[in-house]
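Visitor: Sequence order for the protein chains is A, B, C and D.
With my numbering, letter number 315 in the first sequence gets 413, and the count goes up by one each step, no holes.
With my numbering, letter number 115 in the second sequence gets 122, and the count goes up by one each step, no holes.
With my numbering, letter number 150 in the third sequence gets 1134, and the count goes up by one each step, no holes.
With my numbering, letter number 132 in the fourth sequence gets 529, and the count goes up by one each step, no holes.
It is worth saying that the hints were derived from the structure and are not from the lab.
A quick note: this is a predicted structure, and the numbers were derived from the prediction, not measured.
Heads up, a few of these hints could be off.
[Claimed, not checked] Some chain D residues near chain B, calculated using beta-carbon distances under 7 Å:
1) Ile408
2) Glu496
3) Leu501
4) Asp511
5) Leu549
6) Ile553
7) Ala667
Glycine included, each C-beta is placed from N, C-alpha and C at the ideal position.
Residues per chain are reported as follows:
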Amino acid sequence: MVNRREALKIVGTGIVGLAVGLGAGYQIGVSVSKPQETAPTPAETTGLPGIPSGAFKVGYMYFMTGPFGTYGQMASAALELAKDEINSAGGILGREVELTYKDEADREHVVDNIVKMVQDEGVEVLIGIDSSGDSLKLIKTIEEELQVPLIVTHAATPKLTECAKRKFIFRISMYEEPIDIAAALLVAEKYPDAVKIANIGPDYAYGWDSWAVFSAKLEEVKPNVELLDPIYVKLGTTDYTSYIDSLIEAKPDILFSSLWGGDAATFFKQAVAKGLFDVIDAYFNPMLGATDTLKAIGDENVPSGGADIWGSGRYWFLHPSHNVYPLNKKFVESFKSKVGEYPPYVSGTSYTALMAVKAAIEKAYVEVGSWPEVDEIVKALEGLTVAGPMGPVYIRPDDHQGIYDVYWGKLSKGGPEGYPYPILTDLVIFDPSKVIPPPLKTYVKCG
Amino acid sequence: MNKQNKYLDPTGPLGLIIIFLVLALAPLFVGPFYVRLLAVGILYGVAAVGFNILFGYTGLLSFGHAMFWGMGAYGVAIGLEKFGLGFIGSFTLAICILLGLSVVTGFLSLRHTKIYFAMLTLAFGQLVYAIILKWRDLTGGDEGIYGIPRPLETVTNYYYLIIAISIVILLLIWRLLNSPLGVAFQTIRDNPYRAEVLGYPVKRVRMLSYVVSGLVTGVAGMLYSPLQGAITPESLYWTFSAAIVFMAVLGGPRIFIGPFIGGIVYVLLMNYAMDITEYWMMAMGIMLALLIYLLPQGIVGGIFDYIKKARGETK
Amino acid sequence: MKPVLIGKGLKKYFGNVRAVDGVFIQINPGEVVGLIGPNGAGKTTLLNLLSGVLKPDSGEVLVYVGGKKEYINVAGWNPAKITGLGVARAFQIPNIFENMTVIDNLRAAIIASKKLYGKTLRFYDRINDVEREAEKLLKLFGLIEKAESIAGGLGHGERKILDIALALTVKPKILMLDEPTAGLSAAEKPLIIDLIRKLKNEINAAILVVEHDLDVVFTVSERVVVMHEGKILAEGTPEEIKSDIRVREAYFGEVL
Amino acid sequence: MMSIDYIIVQIINALFYASILFLISSGLSLIYGIMRILNLAHGAFYMLGAYIGYTVVMLYLSGADCAFIFSPIIAIIMLQAIGVGIERGLIKPLYKKPEELQLLVTFALVLIFDDLVKIAWGAEYKSFTKIAGGSLKIGNYTIPIYFIGIILTGFIVAIFLWWFFSKTLIGRQMKASAYNAEVAAALGVNTDKIFIVSFAIGSALAGLAGAIAAPILTAYPGMGTEAIVLSFAVIVIGGMGSIAGALTGAIIAGFARTIMAATYPILEVALIYIVMVIVLLVKPSGLFGREEVERR
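Same shape as in the complex, but just chain A (with noise of 0.2 Å):
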């Protein structure tokens, strides 16, 4: 495995494969730091032509409200946090951008209230949705009727992006698959006795999914284990005690779960408290790198001694680290300052998703010499490299799915390090190569 020094070139050269050197990628970062050397300042623009007046209006949805709410309020804070910079900075080519919003909270009018943002109120490129069965119903609407872009900032299901290539659904937001295949050559690398492997996770498509793809590379890389049936439990399930006891009982080497949010959280005490990681050797969470998840676990709940806490996320906010990558460090004390809290990578993903729209309209920008099209901008966006909090992310072009760092990190306790809750450290980096299936390709049978 690698540590974080190489980890960082790994990222380069994943994007050095794809023509971006190491270099380059800082080169864009700290262009998109300094907007003015690309985009023409409001005092330029002015005199160019092919700007529509008016403000650039941006939509997004999430969970506002509800058991998830916090996921929305944090999006949300991250993205009036990133049009604060575009607008100060002189907006989108002189247009200063807008933002509007609707709550995911009301499943029964997720498609209307996309519709409406853009029908009704003018929005002229989506961000957001939360829940993966949100995104894919919102599928058949955006690409036929609405047909403005979707930059999805956290549903995370391969189907989204890996079963079809849609025309106007990006997502800037690393999918699941990828952090469940590093996870998987995670355990083949670490933990070369275990054996049994047991999984709990949320009864819908995200549990089932990652289970399928963590199970199955893992018996790719390594042939000897033994996979137990995998308990699946409703998302809001708040009294674990029977499985817990039941895993005790089946003694698994590895528990992987895909439990998140504050499911993630109360399993995650419960089985604290019932000692279950004294006997596993290492529990993997992909979701437990969420600050949410971390401030609910709480210091006084991380095991000493035991099993090996493992988490991961869609971003984490140390990383890229913070005194070799200025643009991450940036971010975080921005949004410490604005919001009083760490960013949850609710925030990284749809703080870049606008950085990566302001990117694509200027690139389109320069080469068509008007404000741009859908359709340009939609191109403009395939094969952008955005630097944003999470390092330089790579938009491919062949199924629009955001590349970037994948990490694990190990889960410690918060305090002696001067943060109120617990963190990850000894992060472990992947080459994106190696844990992200080519375009197109995925575990997860479609449709």
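Given chain A's structure and the hints, the job is docking chains B, C and D onto it.
Guide: Relative to the frame of chain A, chains B, C and D by itself:
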């Protein structure tokens, strides 16, 4: 005894025709989003009228009507997406599912009345919800079924199809409710014991009302999933059953067109609430509470009461 | 002519209370019978046994059906089935359809009696013979001008009258009235008396009146049955009963 | 071969779950039994109990063990107040009105409370970082003492309710009016008072359930709607209006769930409703329910 033409009843066909004329003209004046919104509103309205056959006319409060709405929607979606049956086939399939569902749940819950009945229907609604959630090979679980084709392609065309079908359905229901059977429903609502003594087969009539009611709400659901192009289990959760009750009471359960208007108003209210506040749930809750205390007979009910009073005073 | 209704050895105990304790009663065609007795004599219980609301502990309720077997024992049948044989009953607390208009109440009842509720292709208020009959009943019961008003809004007297009207729609051989004047103002009582008289002439049904108000009973009935402590105490014309010493003791004892 | 320890532990888990279910359901059932009101907001009361518990323990007493004794008491007191306030202020005016209005008001409360909680506590999960008491070991298995505490609470409440309804005057009166409100009123029972008391007790039970459950089960907006439908199934199984029924129903639900969880998790969600349907087929009024004669 007034023998004026029944079709001129403002709370019946006349009112319906007027409303639908307005709805049919709407697309000329409002943007595509509102056409879509109205389409949803019309379907909610039809669903609420269906619910009201049981509630307002037969005196049985169902708190599980979302299961009919949802199963109608899923029936069509499954037929189209999983079995490739085409529209006619899928709609037939959905109708069959609805018939089965209503007969079985009716048989089990109609052994009780009043609140106990409400509770049973609610519980059955949850059972169906759980099944839909679990049977993922068929229903796609939480992801539901997406990419459902829409007849006539564009929303506006489909909107007119919805209008056409809704008019027919509503007129048929109105006809039914004004037939001797409709009277039987009402006698059972008002006084099941006397109805029985007079010789009405109370249990059979209740069952009939339950099935028709479920079927109508289900048909509205059947038209819903092609409109949305997707359907997820949320459409079967018990809170949507409550929403249907809300719509009926909002419009006025004692008046035939009340629930229909209730459905449309509900959608517009919801849309408005979500625009003005992120706490739209509370807004709807307060609205419901105010309605119950200030206008228990519902909007339309209130209007007609007012007209009656006004007439009374002029006399 | 054969009696239309016979109660034979009817018994109904509630715990150790002998509400009805071996009663024989028979009602002949077309006659008006008054059933009286002090409170707790078991009048209403007897009525409930005859109309099927209660099931007798023992004894028979025979309804004349003509034909070979002449009588059917309906003891323990449910009210609906008994009503089907032409034994109708009006209730002490009016059992009407509160949210429907008076005429719709009647239409509903007529539709039921004619078993027309399957006719889903007709308008319920456009069926000629139903309308004709409803018309007739409205006239007979003097409810014409109330026809279109909601039943729930009527005065107590009118609601009782409507209740009786509903009972009549089944074209009964015998009509049982349970305390028709109970709760009525002195002004309303004559209405009921006239009504019962009218009914006697207009419809060829026997009428059994359970009643507290003796004046009413003695004015309307041809034959009076007196109950006391669950048993039949005396039976006869109003005059005989008025003068019957036992009745006076049992009934007016305290009065004298 | 399952170890005996394992079976014991799973039984404890089942009882723990049943105990919380019983606390919620008994309140719901009690209010229905006496007032014929189906209080959809009962779940919201449970949620409030949980949030109050959280606030008391984590914010004011920073997780001290004693806090776990205080929080349920405070929750009980506050929920009684809220419950009675709602009964007097919102539901009483509707007693003469059609029953669906009462039902709808309680639904309006569900919508309102969910958002109120968000305003007061925020939308994210509120979860305790610790629970009181240590834990005891059974073989490889650990049972937090707190679980035993919850099971005992359920047990004590069951006994209290039995005592209350069979030994105290007001309790007997409540039973009477549950059986036949008119008669009870005729016998000079003060229905008003009885309704207040039943609502107070019912709400308090929900609050208690929330407060003691929160440390283990996490508090979040909308936890009420989840809980309420489950307790519907429970009291339909047990028979509406019957405390014994609620207890039996809860225990059945607890064990059914644990067995499923330990053996065939896929069925878990649907199972409780399947049990319900079976019970309805065999005994329409539920295990302990009375047949309601339909008569006006």
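Visitor: The structure should be examined with respect to each hint, and the outcome stated for every one.
Guide: Here is what the structure says about each hint:
The interface hint given for isoleucine 408 of chain D is violated, since its Cβ lies 25 Å from the closest Cβ of chain B, which is over the 7 Å cut-off. A distance limit of 7 Å between C-beta atoms decides the matter here; for glutamate 496 of chain D the minimum to chain B is near 6 Å, and the interface restraint holds. Proximity of leucine 501 of chain D to chain B holds as hinted, the smallest CB-CB distance being about 6 Å (cut-off 7 Å). Annotation: aspartate 511 of chain D was flagged as interfacial toward chain B, and the flag holds, the nearest CB pair being 6 Å apart, inside 7 Å.
Interface hint at leucine 549 of chain D: violated, since its Cβ lies 30 Å from the closest Cβ of chain B, which is beyond the 7 Å cut-off. Hint on isoleucine 553 of chain D is violated. Least Cβ distance to chain B is approximately 28 Å, over the 7 Å limit. Residue-level restraint check for alanine 667 of chain D holds (minimum Cβ-Cβ distance to chain B is 4 Å; threshold 7 Å).
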